[in-house]
Amino acid sequence: MELRHLGRVPYEPTVEAMRAWTEARGPGTADELWLCEHPPVFTQGQAGRPEHVLDPGDIPVVATNRGGQVTYHGPGQVVAYPLLDLRRAGFFVKEYVHRLEEAVLRTLADWGVTGHRVAGAPGVYVRPDDPHGHAALHGPRPGNDPWAGLAKIAALGIKVHRHCTYHGLALNVAMDLSPFLRINPCGYAGLRTVDLATIGVTADPAEVGDALADHLRRLLAPRA
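Quick note on full-length UniProt numbering: the sequence shown kicks off at 1 and runs consecutively.
Some hints here could point you the wrong way.
Stated by the list, open to error - Here are the simulated distance ranges between beta carbons: (1) 28 / 202: 39 to 45 Å; (2) 6 / 60: 35 to 41 Å; (3) 109 / 149: 18 to 24 Å; (4) 92 / 178: 35 to 41 Å; (5) 50 / 10: 21 to 27 Å; (6) 3 / 197: 31 to 37 Å.
No lab work stands behind these hints: they were computed from the structure.
Glycine included, every Cβ here is placed at the ideal spot set by N, Cα and C.
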């Protein structure tokens, strides 16, 4: 999987470039991983509901063809776009999503942070009051609040076209989190969003991006 560092690039042209690249690829085209950062933008998934965009203000809202609801991209966030032939890799979509989450979990662990999965809510979550604790999530959340004690640190949204993926995931490192208050992140009212800086971890987004890329490239390598 060839790694391409794009730097800070506008969202819409990048998505169009991914779509065009995927349309043009053939059976022998090598997979790629695009790593980048976007200027401030809200992106709405294909089935996104407008009521989850509360107050966008001067930040543009872009409709896109990925799955999921609304999320935010901005400086200080690592965005990874795997352009992968699932059939050649030997993965079904569910396993692909699991491997994306696993790459984030391993990246967080590199900085001593324990990430968590939540059933039915793709992405990766942390416990802001105990980001380094290893206790697993179990049982109903306190007060029947599904997000009690949790916050989202990484969002997923993918598109699969003719067995090939684009779009991907975003991991919050050191960013202005206030725009997340203008939406229901990923369609969940009351869900808190954090980054590594908020939970007390000082990290350079470029270094986190490189670590994430290494984990993705290993986890998305074709089955032997």
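Quick rundown of the hints versus the structure:
1. At roughly 43 Å, the beta-carbon separation of residue 28 and residue 202 lies within the given 39 to 45 Å, and the hint holds.
2. Distance hint check for residue 6 and residue 60: the Cβ-Cβ separation is about 19 Å, which falls outside the suggested range of 35 to 41 Å.
3. Range check, residue 109 to residue 149: about 20 Å between beta-carbon atoms, so the 18 to 24 Å window is met.
4. Evaluation of the 35 to 41 Å hint for residue 92 and residue 178 yields a pass: the beta carbon distance comes to about 38 Å.
5. At about 23 Å, the CB distance of residue 50 to residue 10 agrees with the hint of 21 to 27 Å.
6. As the Cβ distance of residue 3 to residue 197 is approximately 25 Å, the hint placing it in 31 to 37 Å is violated.
Checked against the numbered hints given earlier, this structure breaks hints 2, 6; the rest are met.
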